[in-house]
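Protein chains in written order, with the numbering used here: chain A, 927 to 1093; chain B, 927 to 1093.
Among the hints, erroneous ones may be present.
Since the list gives no way to pick one copy over another, a pair counts as held whenever it fits inside one copy or between any two copies.
Calculated lysine to any residue pairs in the SDA-like style (CA-CA distance at most 20 Å, straight line) [claimed, not checked]:
no., residue 1, residue 2
1, K1091, D1022
2, K994, T961
3, K944, E934
4, K1036, I935
5, K1025, Y1072
6, K1025, D955
7, K944, D1003
8, K945, G1014
Hints listed in this document are in silico derivations from the structure and should not be mistaken for laboratory results.
Since we're looking at a predicted model, the values are computed, not measured.
Next come the chains, spelled out residue by residue.
2 protein chains.
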Amino acid sequence: MALVTQSEIFPQLEEHLKKRGCFMVAGSDAPNFMTIVWATAGIIWGKPIMMVAVRLSRYTHDKMDALKEFTVCIPKDGTMAKELAFAGVKSGRDYDKAKELGLTYLPADKVSVPLLSDCAAAYECKVVYETEMHEAHLDAELRERYYKTGDYHTLYFGEILACHKFD
Amino acid sequence: MALVTQSEIFPQLEEHLKKRGCFMVAGSDAPNFMTIVWATAGIIWGKPIMMVAVRLSRYTHDKMDALKEFTVCIPKDGTMAKELAFAGVKSGRDYDKAKELGLTYLPADKVSVPLLSDCAAAYECKVVYETEMHEAHLDAELRERYYKTGDYHTLYFGEILACHKFD
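Please model the complete structure; the sequences and the hints are all you need to start from.
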C-alpha cells in the first residue's frame, strides 16, 4: 500500500460512486461493511474531510456511534459487483459479510477500523462532526425520492487521516 | 470556456483551498463574492454535489438565502493573491468588490449567479439542502478553534449543474 493524496484517488471515488458503489467499513472488534454510493471529499476546518451519509436504521449507524471511525474502500475497476450488491442489501445484523463473501480485513494505519481486502484504494477517517438530516430546507424532489418513510441520513464528517493506493 | 467533469477540476479546487482559497459568488442582480478555503465535492442523492460553509453573520449568507444558487471560481495558479485577501476580509455590505478590484462578472450557463473573470475553472451550483451547524457532535478542538463566539456555519449542499475550465 502506498500513501497518496486525496486528489489522487478522488476520480476513482467519484467514478465508483456513480457506478456500483464503494465499501464503507465501521467497527473494530466486529467490523462490518456496507455499500455506499454517496460521499463528498475536500477541505473543511482546515482539514481534509470526507462526508458519508448513513440512515438511522442501519447497523452501520450503531457501529459509527460506538467508535466514530470509518474507512472507505474503492473497488478495482470492473470487480466485486457481487460483493457490492450483497453489501448493499444485506445487514450486518444478519450476516458476517466478510465471511459470506470470502473477503478479509487488513489493518489500517491511523484508525482501528480495518480496510477491506482486494480493493484499489482507501481512505481512513475519524469523525469530527455529525448532523442528522431533516426535512427543512431539503429539495422537495429529493424528499419524495429518498425519504418518503422518514429514516433520514446522519451526515458524518470524517477527518481523512490517510489515503492509500493498494499494490 | 469548456465543460468538464468535477473530477477534472477537483485537484485544482483542493490545491487552492489549501493555499489562498477560491472565490464563491452569490447573488444575481447585485452579485458579491467571498473567499472560501473550505468545500467538499462528490456525489449525494445521486447528484454531483458541492458543499460550502457560510457563517450566519456573512453578507453572502443573506444572498444565499435569497437565491439558493452560487458559483465557486478557482483562480489561476499563483494569481489573485490580492483579490483573495481582499474578498476574505472585506464585506459586500461595505464594498462592491468587483469594482474595487477591477474584476468583471461573466454569465453562467445554468444559474443566474455569475462567474468571476480571470479564473481558471468554476462550478455552477443550485442549493438542494442546507443545515445549520451546532455544537452537538462537533469535535472539541474545532469548536474551540472556530466557534468560540458562536456564529456557526450554515452548510449549503449545491447540486453541481456545470463545471468549466476557462480558456
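Point to revise | Hints the structure fails to honour | key: 1 and 5
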